Amino acid sequence: MKRWIPLLIFVALAGFLYVGLHRDPREVPSPFIGKPAPAFTLPVVGQPGMTFSPADNKGKVWLLNVWAPWCVSCRQEHPVLMQLAQAGIVPIVGLNWKDKDREAEALLARLGSPYTAVADDVSGQTGIDYGVTGTPETYVIDKNGIIRMKHIGIINEEAWQTKFVPLLKELNQ
Amino acid sequence: MIPEIGHFALILALLLALVQGIPPLIGAHRGNATLMAVARPAAQGQFLFVAIAYGCLAYSFLVNDFSVANVARNSFSQLPPVYRFAASWGSHEGSILLWALILALWTTAVTIWSRHLPEDMSARVIGVMGLVSFGFLLFILVASNPFVRLSPAPMDGSDLNPLLQDPGMVFHPPMLYMGYVGFSVAFAFAIAALLSGKMDVAWARWSRPWTAVAWVFLSIGITGGSWWAYNELGWGGWWFWDPTENASFMPWLAGTALLHSLVATEKRGAFKNWTVLLAILAFSMSLVGTFLVRSGVLSSVHAFATDPTRGIFMLAFLGVVIGGSLALFAFRAAKMPTGGSFTWFSRESLLLANNVVLVAALGAVLLGTLYPLFMDALGMGKISVGPPYFNSVFVPLITPLLFLMGVGPLARWKQASLPAMAKQLRVALAIAATTGVLVSLASGSFKPMVGFGVALAVWIVVTIYLGFAQRLKYIGGPTLPALLKIPRGFWGMQMAHLGLAWVVAGITLVSGLETERNVKMNIGDTTHLAGYDFTFQGVSPHEGPNYRAASGNVEVAAGGKQLFVLHPQKRIYNASGMPMTEAAIDYGFTRDVYVALGDELDNGAWTVRVFHKPFINWLWIGGLFLALGGVLAASDRRYRIALRAAEAPAVAPQGAQA
Chain A
1 MKRWIPLLIF VALAGFLYVG LHRDPREVPS PFIGKPAPAF TLPVVGQPGM
51 TFSPADNKGK VWLLNVWAPW CVSCRQEHPV LMQLAQAGIV PIVGLNWKDK
101 DREAEALLAR LGSPYTAVAD DVSGQTGIDY GVTGTPETYV IDKNGIIRMK
151 HIGIINEEAW QTKFVPLLKE LNQ
Chain B
1 MIPEIGHFAL ILALLLALVQ GIPPLIGAHR GNATLMAVAR PAAQGQFLFV
51 AIAYGCLAYS FLVNDFSVAN VARNSFSQLP PVYRFAASWG SHEGSILLWA
101 LILALWTTAV TIWSRHLPED MSARVIGVMG LVSFGFLLFI LVASNPFVRL
151 SPAPMDGSDL NPLLQDPGMV FHPPMLYMGY VGFSVAFAFA IAALLSGKMD
201 VAWARWSRPW TAVAWVFLSI GITGGSWWAY NELGWGGWWF WDPTENASFM
251 PWLAGTALLH SLVATEKRGA FKNWTVLLAI LAFSMSLVGT FLVRSGVLSS
301 VHAFATDPTR GIFMLAFLGV VIGGSLALFA FRAAKMPTGG SFTWFSRESL
351 LLANNVVLVA ALGAVLLGTL YPLFMDALGM GKISVGPPYF NSVFVPLITP
401 LLFLMGVGPL ARWKQASLPA MAKQLRVALA IAATTGVLVS LASGSFKPMV
451 GFGVALAVWI VVTIYLGFAQ RLKYIGGPTL PALLKIPRGF WGMQMAHLGL
501 AWVVAGITLV SGLETERNVK MNIGDTTHLA GYDFTFQGVS PHEGPNYRAA
551 SGNVEVAAGG KQLFVLHPQK RIYNASGMPM TEAAIDYGFT RDVYVALGDE
601 LDNGAWTVRV FHKPFINWLW IGGLFLALGG VLAASDRRYR IALRAAEAPA
651 VAPQGAQA
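Heads up: the protein sequence lines correspond to chains A and B, in order.
The first sequence runs 1 to 173 under the working numbering.
The second sequence runs 1 to 658 under the working numbering.
In case anyone wonders, no lab produced these hints; they're calculated from the structure.
Be careful, since some hints might not be right.
[Stated by the list, open to error] Cross-link-like lysine to any residue pairs, in silico, SDA-like; alpha carbons within 20 Å at most:
no., chain 1, residue 1, chain 2, residue 2
1, A, Lys98, B, Glu600
2, A, Lys100, B, Glu600
3, A, Lys98, B, Asp599
4, A, Lys2, B, Gly323
5, B, Lys198, A, Arg3
6, A, Lys169, A, Gln83
7, A, Lys35, A, Gly145
8, B, Lys473, B, Val427
9, A, Lys2, B, Ala330
10, B, Lys473, B, Gly381
11, A, Lys2, B, Ala333
12, A, Lys35, B, Gly381
13, A, Lys2, B, Gly324
14, A, Lys98, B, Ala327
15, A, Lys100, B, Leu352
16, A, Lys2, B, Phe331
17, A, Lys2, B, Lys473
18, A, Lys2, A, Leu13
19, A, Lys169, A, Gly46
20, A, Lys2, B, Leu328
21, A, Lys100, B, Ala330
22, A, Lys2, B, Ala360
23, A, Lys2, B, Leu352
24, A, Lys100, B, Pro41
25, A, Lys35, A, Ile154
26, A, Lys60, A, Leu168
Quantities reported herein were computed from a predicted structural model and do not represent experimental measurements.
Produce the entire structure from the sequences given, and follow the hints as far as they go.
Have a look at this one:
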């Protein structure tokens, strides 16, 4: 009987490996899911004197997209966001993160802006409050101001269809 | 055209692998010599076609054929030719093809140097290797084809990962794969023995040199990888317990256990089942390691794309090869008689202890590597397991092994005398303990771990001396001729043990005594570390073939005397825009001085990291001795005689006895 032990160990190991294959090791759950979106009041890029605060979007399902002009991946994500904005599926608010060189306004003027508003987080403090690990990151915030999902990295077609569409549908009901 | 030829050659190789696998195994089972005779030519043909395929891939890289998707993703027109060639194994597809090529190479080596084996044995060994090869080639053709074209072809490639643009990339992966894949030979011998039901001592003798050579390559590969990480990553570290490193370390541990267990099986007929199991384990660890690295189940600094189809295919392949072998083991192992008896204190029992420790250490590394995956699979959250776990588990596990290493080679087979050995080893223990205390006192503040590590290393060295003394006494006569009479196997063992002692001393000294500083330096600033003065003289621009760099000028002086200037670089690679740190190192036998640039600050100031690494090179010197020991052991006279005796009748009938 004991000669079967190595095989049994291997079968158990293979089972774990099989389950592991279907998971993404890079996906780290955010502790902010299910919690109210941290409050902030920041100036809006390109509109002197205006400010944005998450409370302004109460009653709406919206996306908070953390990006920066210096971020290469954000540039790749930009056309996707433009499509979403043109289709008018969901309001997207930008969080311009650590834009020390003040390039966001000119960049959006040149490429077009997918955002209903862009909050200017020069110090990066608001990003830290949201647990931003890098740009781009996108938060889905529901009608009551609760963070329901966080997507790390570029929103591509697949991520949009599998992660965002079902959730937005559910939240908008 | 060339990539299509490569693709076609792969298909032919796949078919030949099947021919190499099935008829010889049937032939060996039925005693049909004609079918068995298919094995050698089929294996050699398979090697030829895999080599053609690999040549086509390498050619596509060298001529910058960006219509091949793999080339476009992993190469760049400005990349120097040697890295273009190395880029052929820098990708997932290319590295698996390299795997298959090296497997075919080992198989061909077996076809050449197995003439002294009984025909059914060699047919089985080559057949088993053919089936493994078939699995790999099928995987390449179905899920990982390196010859897929892109249309339209991009103007230029997206460059080889800058981390991989290092001389290490040229030598490290082939070495590592030679080792990994080389365990397939011992595996095939073990399966052949299980299939035939003949678990005689000869089986162990035949596998020993093959195992030793594979182990040598793996040792060199791991040592080289560590050296590469130290030079390239710019953190001054040399081992990170990263999943990919563990993937190469686990087969090494299993292979080391196998080498020792084979000795007991060959010389005393002991642990036959256990040795077979270790042979299966060593190659299984190679396969599991490849799976872990290539399937993306674990995240690691060695980033590879995740592709579930590939993962499923590889897992199924693992299931067939490992599961099948273990099932065969379960059915057949029971039938085999066990070897001669021995007492609790003997060479056999000490070798068994060696095996238990090595396998336990392997289990600890495997557990640590897979623990995040277990937790995630069981829904218990995401965690990561880092160096603190590995250091606190692995070090205490391996320490008794280092102690036993001093005792084992001196002990007799069957029954050793504990009082006699205790008397013999008393002096060694005293010398080791004294040196340990002295070193830990001399190292400034009292560092017990440094002393303990050095004491273990000295213990091993003194017992090596005792081992030679014992041998010389046994042979008798004047020392020098007697030394030459000592077989190479003994020299090899002692050389490898010496290498390990050297590695242990290096690890302990560098871990205990290294110092580093991370400082902001304006132009002209000086910082001090371990008696050296580092003066930062700013950076100058530098143009590389495919990157731009800021090259720092750091003058190093000691005691007011200028010693040398180091030029650490911060590079930006043109194609990917990726920044890379290129450390500058002044190497020395007793210390390295290591400087790396951090970030650029205002007014030409930079953050600069300086390290003083005492005795770090002992790690790599020790690693080379370890490998050299393996070479000596594999070239022992017994194996050469066996080969010559088998070949002689065919080549030169008269010269056989000379």
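Are the Cα atoms of lysine 169(A) and glycine 46(A) separated by 20 Å or less? Violated, at roughly 32 Å.
Is it true that the CA of lysine 100(A) sits at most 20 Å from the CA of alanine 330(B)? Not OK: lysine 100(A) and alanine 330(B) at ~66 Å, beyond 20 Å, violated.
Check the hint pairing lysine 98(A) with glutamate 600(B) against an upper bound of 20 Å on the C-alpha distance. Cα-Cα ~18 Å, so holds.
For the pair supplied as a hint, lysine 100(A) and glutamate 600(B), is the alpha-carbon distance within the 20 Å limit? holds, 16 Å
Straight-line Cα separation of lysine 2(A) and glycine 324(B) no greater than 20 Å? holds, 17 Å
Hey, lysine 198(B) versus arginine 3(A), does the alpha-carbon distance stay inside 20 Å? At roughly 18 Å apart (the allowed maximum being 20 Å), arginine 3(A) and lysine 198(B) satisfy the hint.
Mind checking the alpha carbons of lysine 2(A) and leucine 13(A) for me, to see if they're no more than 20 Å apart? holds, 18 Å
Keeping to a limit of 20 Å between CA atoms, is the pair of lysine 169(A) and glutamine 83(A) held or broken? holds, 18 Å
Within a Cα-Cα threshold of 20 Å, do lysine 100(A) and proline 41(B) meet the stated pairing? violated, 68 Å
Is the straight-line distance between the alpha-carbon of lysine 35(A) and that of isoleucine 154(A) 20 Å or less? It is violated: about 23 Å lies between the C-alpha atoms, which goes past 20 Å.
Hinted pair lysine 473(B) and valine 427(B), Cα distance within 20 Å: Holds. Lysine 473(B) to valine 427(B) sits at ~18 Å (cutoff 20 Å).
Within 20 Å, alpha carbon to alpha carbon, are lysine 35(A) and glycine 145(A)? holds, 9 Å
Comparing the model with each numbered hint stated earlier shows that hints 10, 14, 15, 17, 19, 21, 24 and 25 do not hold.
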